[in-house]
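Protein chains in written order, with numbering that gives the first Met the number 0: chain H, 0 to 470; chain A, 0 to 307.
One should not assume that every hint holds.
Once the Cα atoms are required to be at most 30 Å apart in a straight line, the calculated BS3-like pairs of lysine-lysine come out as [to be verified]:
1. Lys225(H) - Lys41(H)
2. Lys118(H) - Lys57(A)
3. Lys60(H) - Lys297(H)
4. Lys57(A) - Lys297(H)
Which chain H residues stay away from chain A? Per the calculated CB distances, all over 10 Å, these [as the list claims (entries may be wrong)]:
5. Leu209
6. Val310
7. Glu378
What the simulated footprint calls covered on chain A by chain H, stretch by stretch (three residues with Cβ under 8 Å from a Cβ of chain H suffice, anywhere in the stretch; the number is not a length) [to be verified]:
8. 64-71
9. 170-179
Keep in mind that the hints were calculated from the coordinates and are not lab data.
Built from N, CA and C at the ideal position, the CB exists for glycine as well.
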Amino acid sequence: MWRKRFIAFILLLMGAGIGYFVYPSEGKTIALFGPLGDRPFKYGLDIEGGTELVYEADTTKIASGELRQTMEALRDVIERRVNLFGVSEPVVQTEEVNTLSGDPRQRLIVELPGVTDIKQAVELIGQTPLLEFKTERPEGEEKTKILEAYTKAQELLKNEEVADELKTAILNSIPLLNEDPNFLPTALNGSKLAKASIVFDSTTNEPKVLLTFTDEGRELFAAITKANVEKRVAIYLDGAVISAPVVREAILDGNAEISGGFNIQEAKELVGRLNSGALPVPISLLSTQTIGASLGEKALTSGVRAGLIGVLLVAVFLIFWYRLPGVVATVALAIYIALMLAVFKLIPVTLTAAGIAGFILSIGMAVDANVLIFERMKEELLKGKDITDAMHDGFERAWLSIRDSNVSSIISAVILFWFGTSLVKGFALTLGLGVLVSMFSAISITRMFLYALGTRGHSRLVKFLFSSGIK
Amino acid sequence: MFIIKYRKFFFILSGALTLVALLSLAIFSPWNFGIEFTGGTILEAGFPDGRPDAEELKGKLALLGWHGTMVQATGDDGYIIRTKDLTETERQALIAAVSNNAMTEIEERRFNSIGPTIGSELRSKVLWAMLTVILAIVLYIAFAFRHVSHPISSWVYGLVAIVALVHDVLIPTGVYVALGHYFIDVQIDVLFVTAILTILGFSVHDTIVVFDRTRENLKLRTWKEFDATVGHSIEQTIVRSVNTSFTVLLVILALYFVGGETTKNFALTLAIGIIAGTYSSIFLASPLLVAIEEWQRKREEKHARHRK
Numbered sequence: 000m001w002r003k004r005f006i007a008f009i010l011l012l013m014g015a016g017i018g019y020f021v022y023p024s025e026g027k028t029i030a031l032f033g034p035l036g037d038r039p040f041k042y043g044l045d046i047e048g049g050t051e052l053v054y055e056a057d058t059t060k061i062a063s064g065e066l067r068q069t070m071e072a073l074r075d076v077i078e079r080r081v082n083l084f085g086v087s088e089p090v091v092q093t094e095e096v097n098t099l100s101g102d103p104r105q106r107l108i109v110e111l112p113g114v115t116d117i118k119q120a121v122e123l124i125g126q127t128p129l130l131e132f133k134t135e136r137p138e139g140e141e142k143t144k145i146l147e148a149y150t151k152a153q154e155l156l157k158n159e160e161v162a163d164e165l166k167t168a169i170l171n172s173i174p175l176l177n178e179d180p181n182f183l184p185t186a187l188n189g190s191k192l193a194k195a196s197i198v199f200d201s202t203t204n205e206p207k208v209l210l211t212f213t214d215e216g217r218e219l220f221a222a223i224t225k226a227n228v229e230k231r232v233a234i235y236l237d238g239a240v241i242s243a244p245v246v247r248e249a250i251l252d253g254n255a256e257i258s259g260g261f262n263i264q265e266a267k268e269l270v271g272r273l274n275s276g277a278l279p280v281p282i283s284l285l286s287t288q289t290i291g292a293s294l295g296e297k298a299l300t301s302g303v304r305a306g307l308i309g310v311l312l313v314a315v316f317l318i319f320w321y322r323l324p325g326v327v328a329t330v331a332l333a334i335y336i337a338l339m340l341a342v343f344k345l346i347p348v349t350l351t352a353a354g355i356a357g358f359i360l361s362i363g364m365a366v367d368a369n370v371l372i373f374e375r376m377k378e379e380l381l382k383g384k385d386i387t388d389a390m391h392d393g394f395e396r397a398w399l400s401i402r403d404s405n406v407s408s409i410i411s412a413v414i415l416f417w418f419g420t421s422l423v424k425g426f427a428l429t430l431g432l433g434v435l436v437s438m439f440s441a442i443s444i445t446r447m448f449l450y451a452l453g454t455r456g457h458s459r460l461v462k463f464l465f466s467s468g469i470k
Numbered sequence: 000m001f002i003i004k005y006r007k008f009f010f011i012l013s014g015a016l017t018l019v020a021l022l023s024l025a026i027f028s029p030w031n032f033g034i035e036f037t038g039g040t041i042l043e044a045g046f047p048d049g050r051p052d053a054e055e056l057k058g059k060l061a062l063l064g065w066h067g068t069m070v071q072a073t074g075d076d077g078y079i080i081r082t083k084d085l086t087e088t089e090r091q092a093l094i095a096a097v098s099n100n101a102m103t104e105i106e107e108r109r110f111n112s113i114g115p116t117i118g119s120e121l122r123s124k125v126l127w128a129m130l131t132v133i134l135a136i137v138l139y140i141a142f143a144f145r146h147v148s149h150p151i152s153s154w155v156y157g158l159v160a161i162v163a164l165v166h167d168v169l170i171p172t173g174v175y176v177a178l179g180h181y182f183i184d185v186q187i188d189v190l191f192v193t194a195i196l197t198i199l200g201f202s203v204h205d206t207i208v209v210f211d212r213t214r215e216n217l218k219l220r221t222w223k224e225f226d227a228t229v230g231h232s233i234e235q236t237i238v239r240s241v242n243t244s245f246t247v248l249l250v251i252l253a254l255y256f257v258g259g260e261t262t263k264n265f266a267l268t269l270a271i272g273i274i275a276g277t278y279s280s281i282f283l284a285s286p287l288l289v290a291i292e293e294w295q296r297k298r299e300e301k302h303a304r305h306r307k
């Protein structure tokens with residue numbers, strides 16, 4: 000008995016310790032917990048305020064083997080750009096979205112906490128240059144077809160009898176129009192650029208931009224120029240040709256010059272843009288979301304208040320209805336909440352409004368296990384068993400129900416997490432974690448405390464303490 | 000047990016409620032989908048110096064010539080504006096129109112613009128998530144109840160749980176769609192879907208607890224008849240069902256009244272769903288087991304007579 004009491008006491012102490020870790024460590028470092036002491040909660044954009052931009056990358060011209068590498072290069076470039084902006088803890092991530100029909104789409108998600116000026120954010124990312132190298136398309140059937148498609152498209156545009164919307168629809172349905180009749184894409188693009196600098200032409204003094212490739216880029220450029228001697232290699236910037244010089248001989252040193260008739264100002268700007276990273280593939284903005292910090296703060300404070308009031312109501316109900324076991328369940332519930340908050344800090348789980356709702360809901364569900372156990376205990380007591388046996392059987396018999404019902408909740412949470420968008424994911428994660436943690440707190444902790452109380456006998460007081468309801 | 004005895008009455012009640020929900024879905028179509036599903040823009044703007052007249056604002060927005068633009072007041076000093084999905088230039092035009100060309104000070108509290116592709120992707124994602132959850136749950140229940148395939152097969156438990164689940168999901172959806180017809184911010188959005196998915200989980204959770212007791216009692220063979228076994232199982236678990244739902248409701252009510260605007264509709268949907276879920280686990284699911292067992296028994300008796 001004393002051993003059980005000792006363990007229960009330790010559990011209580013640990014609960015208080017975790018509570019201490021969760022609460023006062025917010026905003027300041029606690030030396031006692033070492034590196035773990037400095038872990039503030041992580042909030043989602045909807046609470047902290049900020050901007051989320053979703054881009055789609057056009058990877059139709061990228062070989063599937065290089066897709067991953069290209070997306071990573073894209074992410075790095077944008078990340079560098081965003082860091083220039085001075086945003087604290089930006090998140091830039093790529094996402095592959097499987098569509099039911101056709102190829103998966105490549106997305107880039109940029110989260111900028113604290114940035115509420117969308118215009119500035121969009122411009123900043125939009126300024127990232129797209130640099131591509133293309134080689135001449137050989138004469139032949141394909142080229143003729145593309146040129147024919149272009150001629151037809153021009154005729155269509157001139158036709159005034161066709162509505163504009165219909166025109167767009169028709170033009171979008173012709174894949175050949177996405178092809179350049181004169182040039183073919185190559186694997187060399189902005190991700191293989193090491194640096195850009197200004198040089199001046201030795202005879203005309205015209206400013207030029209010198210591109211220096213990475214090792215990989217140098218090899219690619221060498222191969223491209225070797226295969227295209229006496230032909231043109233076009234350099235595209237943001238989808239337009241800026242220069243298409245004729246290759247005199249293979250260039251092996253990994254340098255390329257752009258002489259696009261710049262003035263010094265333009266050349267400087269281009270160099271600046273290229274040096275902060277050039278995009279390997281074109282991207283287009285799909286969606287933007289901004290939440291002002293005031294709205295998010297309101298969501299947080301009201302969420303926390305709702306949680307507190309909810310827990311208080313539940314505690315009052317538990318103690319009123321289940322008396323002594325109710326008190327124990329309330330303590331277990333408090334430990335559950337402290338544990339969950341600690342888990343949120345340690346993983347860390349990004350808390351969104353939906354995530355907080357999921358957590359608040361899991362509080363209600365955590366109580367369910369205790370309700371099942373106590374109802375079962377009461378039944379066993381009514382059958383005339385003594386308190387220890389009733390407790391024992393109560394826990395044992397209730398276990399199957401708890402297991403089956405919680406497994407079904409976990410199944411839902413896992414599937415939601417798997418399929419969901421970020422909002423649903425946050426909810427599914429807190430709910431799923433909540434169910435798992437509550438299985439421990441509501442069963443093990445409650446049992447330990449109830450045994451540690453060591454109530455015995457058949458006195459009226461004991462009977463009162465362990466019965467329930469309004470009787 | 001009166002619930003088993005008068006089960007026809009409860010079947011009719013559940014059927015009627017489901018029918019009303021279906022009618023609501025039909026009458027109030029097209030449903031008020033959020034921009035996450037349709038694509039579009041939501042702007043929530045605050046006017047610290049007092050908001051302009053709604054008609055005046057609508058007039059200015061009409062000049063932009065975007066169809067389907069809607070305006071609704073929010074809080075003490077703000078408006079929610081919903082329109083098509085916007086490019087960056089169009090967004091600036093919108094801000095200019097709302098702020099009277101920057102003559103009036105406005106606070107851009109929330110701006111969401113979602114392209115149509117994301118919307119259609121989300122629709123299929125949500126559909127798949129729901130179907131997968133349902134399938135996984137049927138399989139799990141059939142598995143968990145595999146030792147009690149007499150007198151009815153363990154698949155029946157799974158299927159009946161799904162019938163209860165459909166009932167529990169349709170009722171709050173019907174109410175929500177009706178509300179969405181009158182209030183533009185009661186939208187079928189990601190949070191609503193989350194609420195429905197939670198109800199899905201809760202409904203099964205609740206049904207399983209009652210079934211579980213039936214399973215135990217069938218194993219113990221305390222009662223000879225199936226309907227008596229089910230009836231007593233309901234009796235033994237009814238306090239638990241009501242108490243659990245009550246605690247969850249307490250928390251949801253707190254969320255509804257003090258949890259802030261974002262989760263208000265979410266809490267409302269959940270509350271309706273949980274009440275429906277508790278009702279169906281007691282008054283619909285278990286009585287259905289009895290009805291199926293009876294139907295099966297009568298059919299077998301008929302077959303037996305034919306064979307003679």
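Results of checking the hints against the structure:
1. Lys225(H) - Lys41(H): Not satisfied, since the Cα-Cα distance of roughly 53 Å exceeds 30 Å.
2. Lys118(H) - Lys57(A): holds, 24 Å
3. Lys60(H) - Lys297(H): The hint is violated at about 46 Å.
4. Lys57(A) - Lys297(H): Roughly 28 Å between the alpha carbons, so the hint for Lys57(A) and Lys297(H) holds.
5. Leu209: It holds; Leu209(H) is separated from chain A by about 33 Å at its closest Cβ, greater than 10 Å.
6. Val310: violated, 8 Å
7. Glu378: The assertion about Glu378(H) is violated, with a minimum of 7 Å to chain A.
8. 64-71: Violated, because only 0 residues of the stretch 64-71 of chain A bring their Cβ atoms closer than 8 Å to Cβ atoms of chain H.
9. 170-179: violated (count 0)
Checked against the numbered hints above, the structure breaks hints 1, 3, 6, 7, 8, 9 and satisfies the rest.
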